[in-house]
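Participant: Sequence:
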Amino acid sequence: MRISNELNAAFNEQIGRELESSHLYMSIAAFVDGLALKKFAELLFKQSLEERDHAMLFLNYLLEVDGNVAIPSVAAPRSDYKTVEEAMRHALDSELDLTRRIEELMTQARQQNDYSAQQFLTGMIAEQREEVSTAENMLKVVRQAGERSLMMIEAYLVHLDL
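Just so we're aligned, residue 1 is where the sequence shown starts under our numbering, counting upward by one.
Derived by calculation from the structure, the hints in this document are not laboratory data.
The reader is advised that the hints may include incorrect statements.
Within a straight-line C-alpha distance of at most 20 Å, the following computed SDA-like cross-link-like pairs (lysine to any residue) qualify [claimed, not checked]:
1) Lys82 with Thr99
2) Lys140 with Asp114
3) Lys39 with Glu6
4) Lys140 with Glu130
5) Lys39 with Ser149
6) Lys38 with Gly123
7) Lys38 with Gln111
8) Lys82 with Arg17
9) Lys82 with Arg143
10) Lys140 with Met152
11) Lys82 with Glu130
12) Lys38 with Ala155
13) Lys140 with Glu42
14) Lys140 with Glu85
15) Lys46 with Asp33
16) Lys46 with Val69
17) Lys82 with Gln144
18) Lys140 with Ala155
19) Lys140 with Leu35
20) Lys39 with Gln112
With the hints as extra help, turn the sequences into a complete structure.
Facilitator: Structure, rendered in structure tokens:
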């Protein structure tokens with residue numbers, strides 16, 4: 001094994017967090033779809049798949065360094081949103097938490113002089129910067145539209161060709 005037991009365990013935990021994030025976006029997408037916001041739901045379902053892809057990146061990294069993969073169980077996501085703004089705020093909070101946790105992994109990799117893990121995590125940090133920006137922007141759009149004018153989001157997303 002070319003990864004410490006501690007960092008290996010932390011990467012497995014991160015796999016679970018990424019899968020939880022994937023399920024969170026699925027749940028929000030279903031909520032938004034129920035409001036007939038089909039383009040917005042489509043965007044969120046794509047985001048769910050991207051979060052799953054992030055989990056796969058961590059899993060594949062562990063395989064590449066002869067680590068031990070132990071995929072943790074994932075709790076059911078919240079599904080009782082009252083507003084789209086509340087749901088998107090939850091998505092942004094989740095992205096911020098994922099970012100903080102990946103930064104903690106980087107600190108751990110630096111302390112262990114694991115340069116390979118640092119290189120991998122540098123890419124993941126850059127990816128999280130994009131994820132946070134996207135979530136922030138969608139929350140801003142939802143706030144600007146207001147709960148009574150959510151259909152404007154559909155027009156906005158069509159215009160962006162998402």
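Participant: The structure should be examined with respect to each hint, and the outcome stated for every one.
Facilitator: Right, here's what the structure says about each hint:
1. Lys82 with Thr99: Status violated; Cα separation ~26 Å.
2. Lys140 with Asp114: The given pair, whose Cα atoms are some 38 Å apart, is violated under the 20 Å limit.
3. Lys39 with Glu6: violated (42 Å)
4. Lys140 with Glu130: holds (15 Å)
5. Lys39 with Ser149: holds (15 Å)
6. Lys38 with Gly123: Not OK: Lys38 and Gly123 at ~31 Å, beyond 20 Å, violated.
7. Lys38 with Gln111: Given pair Lys38, Gln111 is violated - Cα atoms ~46 Å apart, limit 20 Å.
8. Lys82 with Arg17: Not OK: Lys82 and Arg17 at ~24 Å, beyond 20 Å, violated.
9. Lys82 with Arg143: holds (14 Å)
10. Lys140 with Met152: holds (13 Å)
11. Lys82 with Glu130: violated (27 Å)
12. Lys38 with Ala155: Roughly 11 Å between the alpha carbons, so the hint for Lys38 and Ala155 holds.
13. Lys140 with Glu42: Status holds; Cα separation ~18 Å.
14. Lys140 with Glu85: holds (9 Å)
15. Lys46 with Asp33: OK: Lys46 and Asp33 at ~13 Å, within 20 Å.
16. Lys46 with Val69: violated (25 Å)
17. Lys82 with Gln144: holds (17 Å)
18. Lys140 with Ala155: Roughly 15 Å between the alpha carbons, so the hint for Lys140 and Ala155 holds.
19. Lys140 with Leu35: Measuring from Cα to Cα gives roughly 19 Å; hence the hint holds.
20. Lys39 with Gln112: violated (45 Å)
Taken one by one, the earlier hints fail for this structure at numbers 1, 2, 3, 6, 7, 8, 11, 16, 20, listed in ascending order.
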